[in-house]
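With chain A fixed as given, assemble chains B and C onto it according to the hints.
What follows is each chain in one-letter form.
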Amino acid sequence: MTLRRLADPEFFEAFDTVEGDGGEPVLQPDYGIRDPLDGLVLDDAPAAPRTSHHRLLKYLRREVLPTTFCVGCGGGTVLNAFAHAVDEMRIDPKTIVCVTGIGCSSWIPSPYFLCDTLHTTHGRAIAFATGVKVMRPDMKVIIIAGDGDLAGIGGNHLIHAARRNLDLTVFLVNNFIYGMTGGQVSPTTPFGAKTTTTPYRNVEHPFKIADIVAAAGGSYVARWTTYHAFQLMESMQNAIDKRGFSFVEILSQCPVSFGKMTGMGDPVAQLKDLRDRSIHIDDAKDVPEDELKNRFVVGKLVEHRRAEFGDGLQELIARRREALSDELDAGLRQDTSALETGR
Amino acid sequence: MSRPAENRQFTDLYLARLAGQEHFIQGDEAAALGAIFAGCNFFGGYPITPASEVAEVMARELPSVGGYYVQFEDELASISAVIGAAWAGARSMTATSGPGFSLMQENIGYACMTETPCVIVDVQRSGPSTGQATLPAQGDVMQARWGTHGDHEIIALAPSSAQECADLMIRAFDLAEEYRTPVIFLMDGEIGHLRERVVLPSPKSLRRTERRKASPGQPVFGGEAVPPMHEFGDGENVHVTGSTHREDGLRDVQTAEVHDRLVRRLVAKIENARKKIALVDIDTDDGASVGVLAYGATARPAKGAVLRARAEGHRVGFVRPVTIWPFPIDEIQRACDGLQRLLVPEMNLGQLSREIERHVDCEVIPLPKIGGVIHTSREILAAITEADS
Amino acid sequence: MIYIDEEFCKGCRICSEFCPTGVLGESETLNRKGYYPPVVAEEAECHGCRLCELLCPEFAIYIVNEWLDEQAG
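Residue numbers (my numbering), protein chains in the order written: chain A, 1 to 343; chain B, 1001 to 1389; chain C, 2001 to 2073.
Pulled out of the complex, with its shape left as it was, chain A reads as follows (with noise of 0.2 angstroms):
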């Protein structure tokens, strides 16, 4: 097989011509940046400066402002809610951590949430996460990221923290696909729905991932939707306040990915979806589980109180120190030697 030379010189404009031994036009990469709307006047007005005083604007990095969200993205509203959450309970930012996986969801804290931030690998935010509070259990350590990646790639971690019941809250933002690489089928695409993978409709069921967590021992486990605004916020506040490991799984809307395939690509439309679609968990008691089949129970599914895991570790070291506290006075005498003769 012969490979053909690259020889359309308007094809690759962006890469530098030189001679190559031949004589011939070798091809050079051209690290230059070049802007591919160079020249292409918008208008003649410079660039309006940000007259915005909006409140929350101060828990935001503002040099990444505006966001990448696409239109009408729910994760634009989870921050919105995170933002006021942490706002009416005047947390101070420097006392949080937020930990992030990768995703659209993932990419809601980081980099817009002004605060230490770990942006970590696929799935592994849960993990992460709990080396960190481990060591800093006086910082509120919050992660965000979406279905795929903590119910997916990441449900391991999110069980047996959910299990271990550390303090830490997770955001569960659940747009039903795995939005960043362009609409795939995830573990909590609705049975049936078509996606870029399940092209001739899913034949697999869905998590319900509230739930799973509420079993593996969650203390604060609820579900809300990204229309209701004030029960999301409220919401987060509570599980950011709650001592233990609290979840709250955020039906979120993604017009692009989960709306091209399932022809609700305009975000007014998906999120008057969730609201049709939800079903307050005091009103679904009276209602037959098959009729449940295809609605949201949103509201505080679990809450209780159980040993927190770094409690746990604490007493763990407390109690330690304390048994060995009789025996090293006891040997001081014998060992200030290995002490001082540096041994």
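The hints are simulated quantities; they were obtained by calculation from the structure and are not laboratory data. Take these hints with a grain of salt, some might be off.
Claimed, not checked - Label-pair distances were calculated between CB atoms; the ranges are:
{"id": "1", "chain 1": "B", "residue 1": "Glu1257", "chain 2": "A", "residue 2": "Ala215", "range": "46 to 52 angstroms"}
{"id": "2", "chain 1": "B", "residue 1": "Val1253", "chain 2": "A", "residue 2": "Met89", "range": "56 to 62 angstroms"}
{"id": "3", "chain 1": "C", "residue 1": "Arg2032", "chain 2": "A", "residue 2": "Pro190", "range": "36 to 42 angstroms"}
Here the structure is a predicted model, which is why all the values come from computation and not from measurement. Glycine included, each C-beta is placed from N, C-alpha and C at the ideal position.
Same frame as chain A, now just chains B and C:
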């Protein structure tokens, strides 16, 4: 609830008592105790033969020095938590073997990219895959160098005795802090389970390389070869990401120069320190035309063979790299100067031999041995005799 | 008082569609990114519920209640 203030006096008393005791322990245990003396205060791990003893000793000792042992659901969680803990101020480590080491590769790359100091113990066992789970090998040498994707450098140390497991662990933690990098501690099942006499250092004699902290507002992902760090809770709004990032830590994946600058710096910071990091045990013999290079467990029978060969009248050089990566080129070249043949017994099919070949002029003769059985000094002696004829 | 940051807005219309009292309409001029931001069409109908402020994915619309702020001090 905040973390209880570190009680240094208590810890030093406890370490002094440990140092004052006689220890006849396995390499695994020695490595764990070495880590305790190095100031390790977070261990995240998962049981795996032949590394489980490291976890067990850490679980036993960490609470005494105010540290945390957490056993995770798998190795992926373990290495993740180790990195998270490091950013929250810990000197953290994990311990595993081949299959677990394979699982950890993605996040080892994350630690390289984010310049997170941490120590990963790999007690190598016979592979690939489940292999001979309980038997030793040296098959992860190249994996330690290239296990994770993308261009990166790594530091890897290979102890040859239980005593070295303890001593080199302290060095491993220091190197991790000095170069802000993960350090692989390449043990093997042989040394890991070998019981020997170990002397632990007095805490007063320890000189630790402390973590360099940045001043307020200083960028922590650039600006110098090894930038200083901010930790979570310093109030600096650190942004740590595995994506390509600028000096301030914020993502920029579109600009080629940013990636070029970052990755070249990450590679250069270790490559340029190759000689500083290098630790090689060189025992040349004047007039020798044959040499033996061995590391880890294999160095023991190799040294024995060399001594016996010399007693029989052969002139044989011996070189034992303790630093496997970055490969100590100058030291190996110096040790092989004048040699015609270099024998390299390895418990793998010649992984380090290939690297040595690139750098030395003499003929490199690999002596591979797999099957979970260590070389005997007799075998190596026979090879020396043949090579020297 | 309703404030709209036209440069942050991406024209998703969530605010105008979900406003319970129909305060917001659509602007007839594009912003610099090519979107139609909302405009305040019926200011008198605004009860200050802040649903638009909470729902907006872009922090592009917000309510400032000067009287409440004064009371809060």
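For each hint, the structure was consulted:
1. B:Glu1257 with A:Ala215: 46 to 52 angstroms: For B:Glu1257 and A:Ala215 the Cβ distance comes to about 50 angstroms; the hint holds.
2. B:Val1253 with A:Met89: 56 to 62 angstroms: Violated: the Cβ-Cβ distance is about 34 angstroms, outside 56 to 62 angstroms.
3. C:Arg2032 with A:Pro190: 36 to 42 angstroms: Given about 38 angstroms between the Cβ atoms, the range holds.
Hint violations for this structure: number 2 only, all remaining hints satisfied.
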